[in-house]
Each structure stands twice: as C-alpha cells, then as structure tokens.
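**Student:** Go ahead and model the full structure; you've got the sequences and the hints to work with.
Here the numbering used here is used: the first residue of the sequence shown is 1, the next is one more, and so on.
Treat the hints as calculated values from the structure; they're not laboratory data.
Note that CB positions come from ideal geometry on N, CA and C, so glycine has one too.
Please note that the accuracy of each hint is not assured.
[Said to hold, decoys possible] Quick list of simulated restraints, FRET-style, between CB atoms:
| # | residue 1 | residue 2 | range |
| --- | --- | --- | --- |
| 1 | K2 | I33 | 42 to 52 Å |
| 2 | G24 | S4 | 26 to 36 Å |
| 3 | F27 | L6 | 20 to 30 Å |
| 4 | W43 | F23 | 29 to 39 Å |
| 5 | N21 | W43 | 31 to 41 Å |
| 6 | A50 | L19 | 29 to 39 Å |
| 7 | E48 | E25 | 29 to 39 Å |
| 8 | T49 | L13 | 47 to 57 Å |
| 9 | A50 | R10 | 58 to 68 Å |
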Amino acid sequence: MKPSGLDFFRNNLETLLGLMNLFGEFFELGFLICISNQFSQQWQIDAETAYS
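**Tutor:** Right under this line is the structure:
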C-alpha cells in the first residue's frame with residue numbers, strides 16, 4: 001500500500017513545524033537587528049544635529 005499525501009504530510013508535520021519554528025527564530029532575530037540598526041542610525045543623526 002502506497003502512503004497517501006496526507007499520511008506523508010502527517011508524518012512530516014513535526015519536522016515541518018520544527019523547521020518553521022527555526023525560520024521564525026532567525027526571522028525574528030534578523031528583524032530585531034534590522035530595527036536596532038535603524039534606531040542607532042537615527043539616534044546618531046539626532047545627536048549630530050543636536051550638537052551642530
């Protein structure tokens with residue numbers, strides 16, 4: 001008996017969820033780094049304009 005697509009999906013669901021979780025972590029980390037870079041650049045600009 002050949003396993004159906006649904007069985008295959010069910011068997012690999014945990015693996016898929018694990019991978020999605022991992023990608024989510026990376027995405028979140030990249031997003032946070034991106035935001036903090038934006039803020040630090042903005043802060044530098046504000047500091048420069050305040051002191052000039």
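**Student:** Each of the hints needs a verdict: does it hold here or not?
**Tutor:** These are the hints, each one checked on the structure:
Checked against the given bound of 42 to 52 Å, the beta carbons of K2 and I33, roughly 46 Å apart, stay inside it. In this structure the hint that G24 and S4 lie 26 to 36 Å apart at CB holds, the actual value being about 29 Å. At roughly 28 Å, the beta carbons of F27 and L6 sit within the given window of 20 to 30 Å. For W43 and F23, the Cβ-Cβ distance of about 30 Å falls inside the hinted range of 29 to 39 Å, so the restraint holds.
Between N21 and W43, the C-beta spacing of about 33 Å keeps the proposed range 31 to 41 Å intact. Under the hint 29 to 39 Å, the C-beta atoms of A50 and L19, about 46 Å apart, miss the expected range. Between E48 and E25 the CB atoms are about 35 Å apart, so this pair conforms to the stated range of 29 to 39 Å. The beta-carbon spacing between T49 and L13, approximately 53 Å, falls within the hinted interval of 47 to 57 Å.
The given range of 58 to 68 Å is respected by A50 and R10, whose C-beta atoms sit roughly 59 Å from each other.
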